[in-house]
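Each chain, written out:
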Amino acid sequence: MANLAQAIRLALHFGEENLGVTDIFGEDVGAPLGGVFTATQGLKTAWNTPLDERGIIGTALGIAYAGGKPVAEIQFCDYIYNVIDLLKLCGNVTWSSAGEYHVPMVLMTPVGSGIHGSMYHSHSFESIATHIQGWKIVMPSNPKDAYGLMLSAIAEPNPVLFLAPKALMRQKGAELIPGEPADEKTLHNMIDAPLGDRSDWQPNWPPVEDYRVAIGEAKIARAGTQLTVVTYGRMLPLSVNAAETLAKEGLDIEVIDLRTIYPFDLPMVKASVEKTGRLLVINEDTEVTNFGEHIIRKVLDEAFYSLEVKPELLAGLDVPGVGLAWGYEQNSVPQADDVLAAMRRLATERA
Amino acid sequence: MANLAQAIRLALHFGEENLGVTDIFGEDVGAPLGGVFTATQGLKTAWNTPLDERGIIGTALGIAYAGGKPVAEIQFCDYIYNVIDLLKLCGNVTWSSAGEYHVPMVLMTPVGSGIHGSMYHSHSFESIATHIQGWKIVMPSNPKDAYGLMLSAIAEPNPVLFLAPKALMRQKGAELIPGEPADEKTLHNMIDAPLGDRSDWQPNWPPVEDYRVAIGEAKIARAGTQLTVVTYGRMLPLSVNAAETLAKEGLDIEVIDLRTIYPFDLPMVKASVEKTGRLLVINEDTEVTNFGEHIIRKVLDEAFYSLEVKPELLAGLDVPGVGLAWGYEQNSVPQADDVLAAMRRLATERA
Amino acid sequence: MPATPWIAPALDAQLKIAIHDKMALGRATEEMMIRMMRTGHGYFWIGGPGEEGFNVPLGLLTKKGHGPDYDYLHLHYRSSATILAMGAEPINLLRQMRATATDPYSKGRNFVNHFAIKPWNVVPVTPTIETQYTTVIGTALVQQRHGGDGLSYVTGGDAGSAEGDFWTCMNWSTRPGRELPVLILVTQNEFGISTPANQTQNNLRLNERANGFGIRNACVDGNDPIASWHALVEAMEYVRHERKPYCLQANVSRLYGHSSSSGANRYDEPDCLGLYEQRLIRENLMTQAEIQAVWDKHNAQLAQDLQIVIAEPMPDKSHVLQHVWHEGPAGN
Amino acid sequence: MPATPWIAPALDAQLKIAIHDKMALGRATEEMMIRMMRTGHGYFWIGGPGEEGFNVPLGLLTKKGHGPDYDYLHLHYRSSATILAMGAEPINLLRQMRATATDPYSKGRNFVNHFAIKPWNVVPVTPTIETQYTTVIGTALVQQRHGGDGLSYVTGGDAGSAEGDFWTCMNWSTRPGRELPVLILVTQNEFGISTPANQTQNNLRLNERANGFGIRNACVDGNDPIASWHALVEAMEYVRHERKPYCLQANVSRLYGHSSSSGANRYDEPDCLGLYEQRLIRENLMTQAEIQAVWDKHNAQLAQDLQIVIAEPMPDKSHVLQHVWHEGPAGN
Ligand SMILES: Cc1ncc(C[n+]2csc(CCOP(=O)(O)OP(=O)(O)O)c2C)c(N)n1
Ligand SMILES: Cc1ncc(C[n+]2csc(CCOP(=O)(O)OP(=O)(O)O)c2C)c(N)n1
Ligand SMILES: [Mg+2]
Ligand SMILES: [Mg+2]
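Residue numbers (my numbering), protein chains in the order written: chain L, 1 to 351; chain G, 1 to 351; chain X, 1 to 332; chain R, 1 to 332.
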């Protein structure tokens with residue numbers, strides 16, 4: 001099974017061949033490295049930019065203006081904060097030009113903690129991103145969804161932000177991507193660059209097929225009746241695991257994988273909360289003006305009187321960063337134990 | 001009575017004389033203009049920077065490192081989005097250096113709509129700002145608070161973001177700033193630069209006194225029992241007016257002026273909601289991942305079972321900008337009518 | 001089917017007169033918009049009176065059309081004379097000034113002189129200073145790969161060049177072996193709002209900043225349309241055919257101050273129009289009466305246009321949510 | 001009470017030997033930290049092996065102290081040899097490498113080589129590339145006003161100079177009549193992670209970018225500590241006394257690749273230490289045995305240090321909320 005980085009790579013390859021992708025670029029995105037997580041190895045339109053995020057986003061917008069289909073990368077979302085003005089432009093020129101131009105671009109960036117990344121390789125970005133208008137925002141929790149979301153992102157005529165949970169980059173999927181060789185060694189030999197000198201290496205792409213995960217459609221990752229957990233990205237597998245553990249205690253918990261963060265699948269969330277009467281939103285971003293608070297507010301608006309207990313957010317502590325030593329990360333970003341505890345508490349709270 | 005711009009100017013003067021302010025700077029902040037809203041006219045440490053927001057914030061941080069006390073300005077918060085990375089640094093170096101350095105700086109910037117400012121003079125900034133750690137954030141709704149908050153901001157050893165509601169800049173206060181001449185003509189003649197050539201002009205500062213509004217303390221702008229309205233800045237006078245109007249309909253509404261946005265006065269808000277059972281948060285920022293959603297979530301955490309009806313947020317529509325024509329602003333940013341309607345509806349909703 | 005190669009028109013008597021016509025149109029349009037602002041037919045004015053001597057030649061020398069065979073324009077908010085020289089209808093500027101629902105550039109959303117004209121590769125003018133110096137990289141990159149003689153040009157003010165985006169533009173357009181066909185323009189009017197250039201720039205010839213990148217550069221008197229024409233021809237020929245960047249500064253006047261916020265009052269700076277008219281008379285290309293007739297023609301037309309615009313509908317609630325998303329297929 | 005004016009020490013035999021000592025200390029410390037990373041005593045390594053030939057002279061020529069009379073340092077993450085040359089304790093670097101609670105620079109929060117030393121004006125090293133080129137403006141501005149001969153210096157890599165912050169630094173330090181005492185340093189190792197400099201820079205002498213601002217500039221072989229010493233003396237004298245910016249590039253090696261993420265394997269690039277040791281022997285300043293003794297001394301000390309560090313406590317829950325806010329009075 002492809003891992004998440006390989007899935008992105010396969011999707012980008014499909015995009016180059018079939019969906020008009022003209023440029024895949026960013027810092028260290030081209031040869032020889034092919035991206036710090038190898039997500040862009042061997043792609044024919046991949047190239048290395050100067051170390052300049054403002055140039056990257058400006059170039060992407062310009063390519064989109066000139067009829068191209070750019071997929072830009074910011075190496076880590078931790079380094080995206082000097083271009084928020086440009087992201088706002090990408091998101092508002094369609095509206096400000098009253099539709100004269102639109103911006104078919106994809107921006108991908110790794111997010112989240114879990115790799116001992118210290119203060120500047122652990123940021124989450126969905127809270128600020130969802131406050132920037134005009135972007136659609138997706139975040140997969142597994143390789144197959146990463147593939148399907150990336151194809152949808154490429155096909156979308158509006159700017160799409162593709163957040164890649166960095167702690168899951170090497171995680172393998174449970175399901176094959178259509179066209180992927182069944183044996184993962186085979187895949188590895190076909191598409192992973194060799195160690196050492198790569199100057200003569202060429203990938204041998206498997207015949208991957210068109211497979212889309214529609215933007216805006218969440219998925220019930222585990223069905224249940226007693227508590228609705230809404231999450232995405234790295235927190236999804238933790239939440240599903242916790243739900244399985246709690247199932248042994250007789251608690252039946254529903255876990256929704258948003259997949260699209262904006263516009264998020266409110267109908268699915270609402271239906272679930274109406275069924276369970278309880279809501280827990282989980283993410284790893286810091287907790288003040290957190291996107292999860294938006295989810296809660298929307299649920300209040302639509303289903304306040306269905307709530308049996310107070311809805312909650314489990315998120316990162318409001319500290320200036322995720323410290324390097326494990327003691328910091330463990331105590332400021334939700335961990336498996338915290339997820340389990342919050343789910344148990346909310347599922348069993350007296351209404 | 002001083003208007004809000006004059007109050008800021010008086011506070012900065014007091015800060016230069018008594019609180020160690022060494023530099024007041026930004027685009028057009030120095031002579032001859034003294035700021036696009038005249039808030040920095042005649043100040044002895046005010047100077048004009050190059051048109052470069054990154055230089056402005058970097059310089060402020062450097063001055064703070066070297067023992068100075070900078071008050072920097074970003075001309076409009078609409079132009080702050082290319083320095084979010086630097087704002088994050090200002091907010092995290094105390095923590096990342098484990099207290100070796102701290103960052104005593106003030107950053108002021110005008111925010112909000114209401115002056116036909118079109119897409120780039122109408123932004124709000126509190127939602128993104130509150131998601132940046134390590135900053136205290138204040139926003140006055142009247143000149144006296146502006147004065148008192150600015151003195152507290154200057155005295156604070158941590159970075160403080162001072163958001164100035166631009167639509168209120170010319171608004172006069174109801175109360176004198178301590179030391180302010182009672183007659184506003186007198187004040188005008190003393191501190192406002194003449195039109196035309198100003199090269200020889202010097203302000204004649206009134207003996208304004210030390211007056212602080214503590215960071216973190218909200219104010220009950222109007223006491224009431226049936227609904228808690230939490231707001232700040234430009235929405236405060238609209239909300240108080242609406243409450244007075246509704247009082248004539250027999251509705252008794254409490255309006256809280258947060259004054260400090262972060263860390264906000266949760267105890268006061270909680271106590272009010274426990275009394276009224278109803279909460280309406282009002283601001284003009286766009287509604288997705290809006291700081292008001294954080295307020296609501298905190299109230300849920302602390303007082304869910306006191307809520308009789310669902311808490312609500314009245315905020316800006318999630319569109320890519322505030323359009324120039326009045327029809328846009330009127331229909332995308334809360335107006336007096338919207339405030340009145342939301343307050344009436346929430347105060348009278350069947351529990 | 002590649003577009004025909006671009007050949008700059010010869011600067012003959014007829015063209016010199018046409019340049020005047022467009023300069024006068026530019027000025028008359030801006031002055032009409034200043035009047036609109038004063039009489040309540042607009043909220044805010046910002047524009048280009050004082051830059052016509054440079055902006056009209058720029059417009060006339062633009063290879064106008066859609067797609068990478070043609071020039072891409074990344075304009076400043078003082079570029080009215082450029083797009084008018086290219087054939088834009090003045091009434092459309094008045095519409096944006098009044099913020100009507102009929103404004104074709106922004107549907108009443110953006111300030112005046114914030115254009116977006118896809119058939120002519122005029123990408124949206126941004127209110128954020130200097131970001132256009134980053135987007136120009138992208139269109140030029142597409143053109144570099146596409147071939148032909150289309151170029152991308154970008155223009156902005158002197159103060160704005162302090163933003164690092166100016167650096168980004170120079171750096172990305174000189175990557176070795178990947179040089180870009182970008183014409184980097186700067187208008188030097190010696191002010192950023194109220195701040196005099198000599199407080200913030202150690203060399204008022206900002207084009208010389210490009211020396212750090214080995215980018216060919218020059219400075220021209222933008223108050224002289226003939227000198228501007230020649231300087232632009234030289235710069236554009238270089239960019240079109242060498243497929244490398246060039247940096248050109250135009251020294252210009254800011255005749256009505258920064259914007260309506262600073263009064264939009266007339267200042268005593270050299271006026272390219274008066275200077276050029278004297279020259280046309282001196283060179284016996286036009287008489288005073290002919291010149292007057294040009295102004296009368298434009299003013300009469302603008303007065304008519306204004307009546308039309310005033311009667312047009314303003315945006316309302318139904319407009320707010322239009323164009324948040326593009327619905328059709330992707331591709332500009 | 002103004003500080004004594006700074007006089008650079010004479011580069012005599014003793015100092016040449018001291019330079020070697022500090023270079024060896026720098027290298028030994030970095031190599032120890034690479035071993036720590038490999039043996040699970042650290043999560044991530046990034047540092048400066050290959051830059052000692054330049055960084056040690058820089059440290060020794062720094063006017064070390066607190067406040068505007070002394071130099072302010074805005075360092076890159078490869079600056080270990082600079083602060084070790086200034087007298088920093090190697091054990092403290094090991095502490096940050098292991099992320100212990102005793103790490104004096106960040107309490108286990110930041111990656112290794114991210115210093116913050118207030119008594120020496122070493123402002124926090126930022127993980128964000130190139131932002132140090134903006135903060136240096138502020139400390140230099142305070143010094144310009146304060147007088148004396150203190151300067152501010154900033155260092156960063158070649159790839160990072162692509163960020164507009166490099167432009168910002170040059171622009172703000174050359175405002176007419178308000179020039180700043182900034183020494184703008186760039187280390188040219190011809191790589192940004194995996195990207196070769198010649199893909200992104202049209203001139204590998206980045207100091208020449210400063211020509212656009214008329215900033216005096218030079219390039220030195222950073223593998224040669226003697227040449228580096230002289231280049232630094234010249235640059236610093238100019239900045240200290242002319243109170244104007246100067247841009248100096250040092251060509252250096254990146255001996256263990258970018259970081260532990262790219263393996264931290266030894267690469268075959270010129271090694272300033274080997275080259276300098278040959279020279280010291282050639283010039284009869286040291287014998288091979290004396291050189292070996294230096295290494296043995298440092299390695300022994302570092303081995304001891306490691307034992308201490310390994311036994312020290314790691315941060316726990318109680319540390320998380322410390323220093324979110326500064327509680328005392330304002331003022332660094
Ligand atoms: C990023 C950004 N910062 C600040 C502003 C506010 N602003 C608008 S115009 C202007 C001055 C521009 O001066 P210059 O670049 O010389 O252009 P000019 O107006 O003189 O043509 C400023 C500061 C802005 N629009 N964008
Ligand atoms: C703003 C920013 N963008 C990207 C990164 C990720 N990053 C860390 S080091 C590096 C390469 C730096 O190369 P260079 O400036 O040449 O310094 P060197 O490592 O070679 O000394 C990159 C891209 C970062 N830290 N900050
Ligand atoms: Mg200007
Ligand atoms: Mg390098």
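It is worth saying that the hints were derived from the structure and are not from the lab.
Treat each hint with caution, since some may be false.
What the hints assert, rightly or not - With a cut-off of at most 35 Å between alpha-carbon atoms, the simulated DSBU-like pairs for lysine-lysine come out as follows:
| no. | chain 1 | residue 1 | chain 2 | residue 2 |
| --- | --- | --- | --- | --- |
| 1 | G | K185 | L | K298 |
| 2 | G | K44 | L | K219 |
| 3 | X | K244 | G | K298 |
| 4 | R | K317 | R | K16 |
Claimed, not checked - Output of the computed footprint for chain R on chain L, the stretches with three or more beta carbons under 8 Å from beta carbons of chain R:
| no. | stretch |
| --- | --- |
| 5 | 39-46 |
| 6 | 118-128 |
| 7 | 174-184 |
| 8 | 312-322 |
As the structure is a prediction and not an experimental result, all values here were calculated from the model.
For each residue, glycine too, the CB sits at the ideal point set by N, CA and C.
These are the hints, each one checked on the structure:
no.	hint	in the structure
1	G/K185 to L/K298	50 Å, violated
2	G/K44 to L/K219	61 Å, violated
3	X/K244 to G/K298	57 Å, violated
4	R/K317 to R/K16	47 Å, violated
5	39-46	violated (count 0)
6	118-128	holds (count 3)
7	174-184	violated (count 0)
8	312-322	holds (count 4)
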